[in-house]
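Input sequences plus hints: build the corresponding full structure.
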Amino acid sequence: MELLVTVVLLTFLMAIAVGIIVLRDLLAGVILLGLYSLVAAGIFVVMDAVDVAFTEAAVGCGISTILFLGAMSFTKHDQKPRGHDSLIAIVFVVLAGGLLIYGTLDMPYYGDPNSPAQTHPELTQHYLYKSMDETGMPNVVTSVLASYRGYDTLGETVVVFTAGIAVLSLLGLIRRRPEDDAPEDAPGDIPRHSSDDSGVDS
Amino acid sequence: MAVLGLYNYWAVIVLMMAGLYILIARYNLIKKMIGLGVFQTSIFYLYISMGKVQGGSAPILDDAVPLYSNPLVHVLILTAIVVGVATTAVGLALIVRIYEEYGTIEEDEIKAIESREHDA
Chain A
1 MELLVTVVLL TFLMAIAVGI IVLRDLLAGV ILLGLYSLVA AGIFVVMDAV
51 DVAFTEAAVG CGISTILFLG AMSFTKHDQK PRGHDSLIAI VFVVLAGGLL
101 IYGTLDMPYY GDPNSPAQTH PELTQHYLYK SMDETGMPNV VTSVLASYRG
151 YDTLGETVVV FTAGIAVLSL LGLIRRRPED DAPEDAPGDI PRHSSDDSGV
201 DS
Chain B
1001 MAVLGLYNYW AVIVLMMAGL YILIARYNLI KKMIGLGVFQ TSIFYLYISM
1051 GKVQGGSAPI LDDAVPLYSN PLVHVLILTA IVVGVATTAV GLALIVRIYE
1101 EYGTIEEDEI KAIESREHDA
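Protein chains in written order, with the numbering used here: chain A, 1 to 202; chain B, 1001 to 1120.
It cannot be assumed that every hint is accurate.
[To be verified] With a Cα cut of at most 20 Å, we get these calculated EDC-like pairs of lysine to aspartate or glutamate:
1. Lys76(A) with Glu1101(B)
2. Lys130(A) with Asp1062(B)
3. Lys1111(B) with Glu1101(B)
4. Lys76(A) with Asp1119(B)
5. Lys130(A) with Glu1109(B)
6. Lys76(A) with Asp1063(B)
7. Lys76(A) with Asp1062(B)
8. Lys76(A) with Asp25(A)
9. Lys1111(B) with Glu134(A)
If you're looking for bench data, these hints aren't it; they were derived computationally from the structure.
Next up, the structure:
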């Protein structure tokens, strides 16, 4: 039954991915990406990864959709992505996918309790059966995240901080929408190289 | 049984390749970021499905639960989700700057502008 739910949701995910490829409208693509993240969060719940599902629904589906919509409001989002369907790309993608599928033939089956990842004595077994004594937290994910791999989480915070600085230094604090002082030239023309960088340096 | 046991991984690979195809074949830069998002989420899915144990439960310790899924992959993916959003934010900020500089976010038009500037 659980497997059936997973298979149906996965098929749904693949349909969404095909929709993202086929649709030319950018807004539809962003909305579908949000839906894709939400369905993925549902699958994570079925697969017992409740913490990941929370984060994916909040961050992957919420914040990234907002970021995309914000970026589209600063660019012209009525432009349709005009991609060509190049044969080389299709051949490359099918070839890479075929090689990866060949690689999965050695993988342990889904849900196998005896796969090496589950039985490693120093990692999973240690975390599952010793973490209560060592950290006192019933949620193993929290104890690994905050205690055993605390430096990893600190590094993650540094990455987010760096990304925040990068975005701020690229965009500045005050931003004007393209309608306010849009470049007059049509897309594809050489933009004016005047000195009005207003909005960037503020 | 082999098909059902490996269906997860095959679905992940299909999703991954869909993201890669969008990255290669679409010229619009925002569309490329969408493809990157599809690719990223499929990787998360690969890890989580490797950690699942049949009949297991979420790794929150309780005396009534006999078997848990692997908590380590959950931690790794929690970190990866947050880092992925940070990457997306920086990429989109770069796209906004590119739009301000070139007036377009289509890759082929940007290349045309660059070559014209190079000739001039």
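Cross-check of the supplied hints:
no. : hint                       : result
1   : Lys76(A) with Glu1101(B)   : holds (13 Å)
2   : Lys130(A) with Asp1062(B)  : holds (13 Å)
3   : Lys1111(B) with Glu1101(B) : holds (13 Å)
4   : Lys76(A) with Asp1119(B)   : violated (27 Å)
5   : Lys130(A) with Glu1109(B)  : violated (58 Å)
6   : Lys76(A) with Asp1063(B)   : violated (56 Å)
7   : Lys76(A) with Asp1062(B)   : violated (53 Å)
8   : Lys76(A) with Asp25(A)     : holds (12 Å)
9   : Lys1111(B) with Glu134(A)  : violated (57 Å)
Hints 4, 5, 6, 7, 9, counting from the list given before, are not met by this structure.
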